[in-house]
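Start from the sequences and build out the full structure, keeping to the hints where you can.
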Amino acid sequence: MTDHTAPDIATTTDDGIVIVRCAGELDLDGAPRLRDALLDPIRDGARGVVVDLTQTTFCDSTVFSVLVEVSRAASARNVPYAIAAGETAVTRPLQILGLDRVLPLHAGLDAAQAAVG
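Just so it is clear: in the sequence shown, position 78 is 78 by this note's numbering, and no numbers are missing.
Calculated from the structure, these hints are not laboratory results. Ideal placement from N, C-alpha and C gives every residue a C-beta, glycine not left out. Keep in mind that the hints are not guaranteed to be accurate.
Now the in silico label distances, taken between C-beta atoms and shown as ranges [what the hints assert, rightly or not]: (1) Ala6 <-> Ala76: 23 to 31 Å; (2) Ser75 <-> Ala107: 17 to 25 Å; (3) Thr5 <-> Gly45: 30 to 38 Å; (4) Ala23 <-> Arg92: 26 to 34 Å; (5) Thr57 <-> Asn78: 30 to 38 Å; (6) Gly16 <-> Asp36: 18 to 26 Å; (7) Ala10 <-> Pro80: 18 to 26 Å.
The structure is reproduced here in C-alpha cells:
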C-alpha cells in the first residue's frame with residue numbers, strides 16, 4: 001500500500017437481508033467501520049447479512065479477524081451470513097490462512113445472496 005485512502009463502505013437492505021459493500025483497501029483504519037456495519041444488523045435481528053468484498057483491493061489481518069468475529073456472532077444469533085470474496089486480494093490470503101474452511105466464502109455477490117436468502 002502506498003497511498004492510504006479510506007475504504008468505501010456502503011450498506012443496503014433488501015427484504016431484510018443487509019448487504020455491506022466494501023470497495024478499496026481495508027486495513028486497521030477501516031476495520032472498526034466494517035465491524036460495526038456487519039455486527040449492528042446482526043444484533044438488530046436482520047434476516048441475513050452479506051459482506052461484498054468483490055471490489056476490495058487489499059485486506060489485512062485485522063479485517064480477517066473482523067470477518068471471523070462476525071461469523072461467530074451471526075452463528076450465535078442464527079443469522080445467515082455470507083462473504084462474497086471474488087477477488088484474489090481477499091480470497092488468496094484467506095486460503096493461505098485456512099480461513100476459507102471456516103468462513104462462508106462465495107465467489108460472487110449472487111452466490112452469497114443466495115446462500116443467506
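Hint check results:
1. Ala6 <-> Ala76: 23 to 31 Å: holds, 30 Å
2. Ser75 <-> Ala107: 17 to 25 Å: holds, 22 Å
3. Thr5 <-> Gly45: 30 to 38 Å: With a Cβ separation near 33 Å, Thr5 and Gly45 satisfy 30 to 38 Å, so the hint holds.
4. Ala23 <-> Arg92: 26 to 34 Å: violated, 18 Å
5. Thr57 <-> Asn78: 30 to 38 Å: Holds - the Cβ-Cβ distance for Thr57 and Asn78, about 33 Å, lies within 30 to 38 Å.
6. Gly16 <-> Asp36: 18 to 26 Å: holds, 19 Å
7. Ala10 <-> Pro80: 18 to 26 Å: holds, 20 Å
The structure is inconsistent with hint 4 alone, although it conforms to all the rest.
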